[in-house]
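Whole structure, please, built from the sequences with the hints as guidance.
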Amino acid sequence: MRLSVNVSGNLGDLDKLFDDYTSKAARALTDTVAKASDDMKADVRSTIRGAGLGNLGKALDSAYYPGARASLHPAAEIYVRGKARSAAKWEGVLNAFMDGATIRSGKGWLAIPTKQCPKASRGRYMTPDEVVDRFGPLHSVAKGKSVLLFADLVAGRSGGWRKGTAGRAAQGRMAKPVLVFVLVREANIRKRIDAASFVSRWEGQFTARVAATIDKLGEGA
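Read in the numbering used here, the sequence shown has 253 at position 180, and its numbers run on one by one without any break.
There's no promise every hint is true.
[What the hints assert, rightly or not] Lysine-lysine pairs mimicking DSSO-like chemistry, simulated, CA-CA at most 27 Å apart:
no. : residue 1 : residue 2
1   : Lys131    : Lys97
2   : Lys180    : Lys218
3   : Lys236    : Lys192
4   : Lys216    : Lys162
5   : Lys188    : Lys131
6   : Lys236    : Lys264
7   : Lys264    : Lys249
8   : Lys114    : Lys162
9   : Lys264    : Lys188
10  : Lys236    : Lys188
FYI, nobody ran anything at the bench for these hints, they're computed from the structure.
Pasting the structure below:
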């Protein structure tokens, strides 16, 4: 036995109801994913800071699609900011801390700055060439498989370092050797960011948030 029901008449109101519900659902889902993408970015930056990597997380940003428009199929991503060359560099740094890596210099040695190394603009440590240009020649001392580089520096009155001069020496402010770089053939970077765990956690977060939004839409239907 088969039962059938035919509905006739003006279905314009029903079409409008479906259209309104679809628009409302698209807006709600897109807003949910947009908020989740911002939260995901904040979480990954916090995770990187917690791994002792400072502000490295600022190299990352988030985006959601389709942006200002609404969609029933919104999406979000975390990406490395900047132009192609800069983004590739920071992506390489992040990958090293996510997977672990061994870094070797194409010139034979890696110069690792110490905490006492003078700083240049924006708080970055100077390179060996920059230290030589500003403070004079470096002095090397071999130690095992590494080489220690010292610079003759005078402590600044308000912090930082100054170049040794006759005037400062006359004031009793003598230059002293300060360890500024350690030269090594290679450096091993241990894995410090558990990317797989982060992705798994946020896959669950997105699923739960979208499901909660759909439930609310159902309650209001």
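Hints and how they fare:
1. For the hint pairing Lys131 with Lys97, the CA-to-CA distance comes to about 34 Å; that exceeds 27 Å, so the pair is violated.
2. Note on Lys180 and Lys218: the hinted pairing holds, with a Cα-Cα distance of about 16 Å set against a maximum of 27 Å.
3. The suggested pairing of Lys236 with Lys192 holds, with an alpha-carbon distance near 13 Å, which does not exceed 27 Å.
4. In summary, the hint linking Lys216 to Lys162 is not supported, as the alpha carbons are separated by about 31 Å, beyond the 27 Å threshold.
5. In summary, the hint linking Lys188 to Lys131 is supported, as the alpha carbons are separated by about 22 Å, within the 27 Å threshold.
6. Straight-line distance between C-alpha atoms of Lys236 and Lys264 comes to about 39 Å, which puts the hinted pair past the 27 Å bound.
7. A threshold of 27 Å between alpha carbons decides the hint, and for Lys264 with Lys249 the separation of about 37 Å lies outside it, so the pair is violated.
8. In summary, the hint linking Lys114 to Lys162 is supported, as the alpha carbons are separated by about 19 Å, within the 27 Å threshold.
9. A threshold of 27 Å between alpha carbons decides the hint, and for Lys264 with Lys188 the separation of about 22 Å falls inside it, so the pair holds.
10. For the given pair, Lys236 sits about 18 Å from Lys188 by alpha-carbon distance, which is consistent with the 27 Å threshold.
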